[in-house]
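Using the sequences and the accompanying hints, generate a full structural model.
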Amino acid sequence: KQEVTQIPAALSVPEGENLVLNCSFTDSAIYNLQWFRQDPGKGLTSLLLIQSSQREQTSGRLNASLDKSSGRSTLYIAASQPGDSATYLCGPRGGTTDSWGKLQFGAGTQVVVTP
Amino acid sequence: DVKVTQSSRYLVKRTGEKVFLECVQDMDHENMFWYRQDPGLGLRLIYFSYDVKMKEKGDIPEGYSVSREKKERFSLILESASTNQTSMYLCASSPVGGAYEQYFGPGTRLTVT
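Here the protein sequences line up with chains A and B, keeping their order. Using my numbering, the letters of the first sequence correspond one by one to residues 708 to 822. Using my numbering, the letters of the second sequence correspond one by one to residues 48 to 160.
Hints were generated in silico from the structure; no laboratory data involved.
Pairs of lysine to any residue residues, derived as SDA-like cross-links and limited to a Cα-Cα distance of at most 25 Å, are as follows:
(1) B:K65 / B:Q84
(2) A:K749 / B:P86
(3) B:K50 / A:T752
The following residues of chain A were derived to be distant from chain B, with all beta-carbon distances above 10 Å:
(4) P715
(5) P721
(6) N729
(7) S731
(8) R762
(9) D774
(10) S777
(11) A786
(12) S792
(13) V819
If you're wondering where the values come from, they're calculated on a predicted model, not measured in any experiment. Ideal Cβ positions, reconstructed from N, Cα and C, are used throughout, including at glycine.
Here you go:
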């Protein structure tokens, strides 16, 4: 069964600093990996989807890298803003017959950006 | 924009009641999912559906059932609610196949007393 770990569990940075959020997973047979943000008491908002054949995916200030063979993905957020304060979750999507299409989630990294 | 809506943001039910959580998506997606989210345990998949009238168990199906009579609607049913089913419930949808993003609804915070 896929195990997903996100480090650190919590992070507090001053506005303007770059954020680095790490995600590791035990089963490298993934189809792709999705990054989400979640505001308190709300649903998940999709940020980026990175396919297993890709090394990087970018959207605005966000950049996600994927090293499938070593079971790691990193989300970089450049020039952080207070509005980036949220919990960030990664979800690798299974690529085997048993796990096909299913996301497994990490516990998330809670980010606070102070003005 | 994809829109996934859930029937209630907050719900309070008594132990033993039958509870229905409704989810509707407006993007003609084939796949729909129900998760629960608990502090320290993260999101866990309860059930999912690849098509109308089709369902498959996720990681924690015990105590739950689902219904998908129409493509756009996926219902989660708690046959006899218990206090350990107090949780945040999240619905998601995606197009067919594994290559596409999952889109989530706003969640239903269910409290069973």
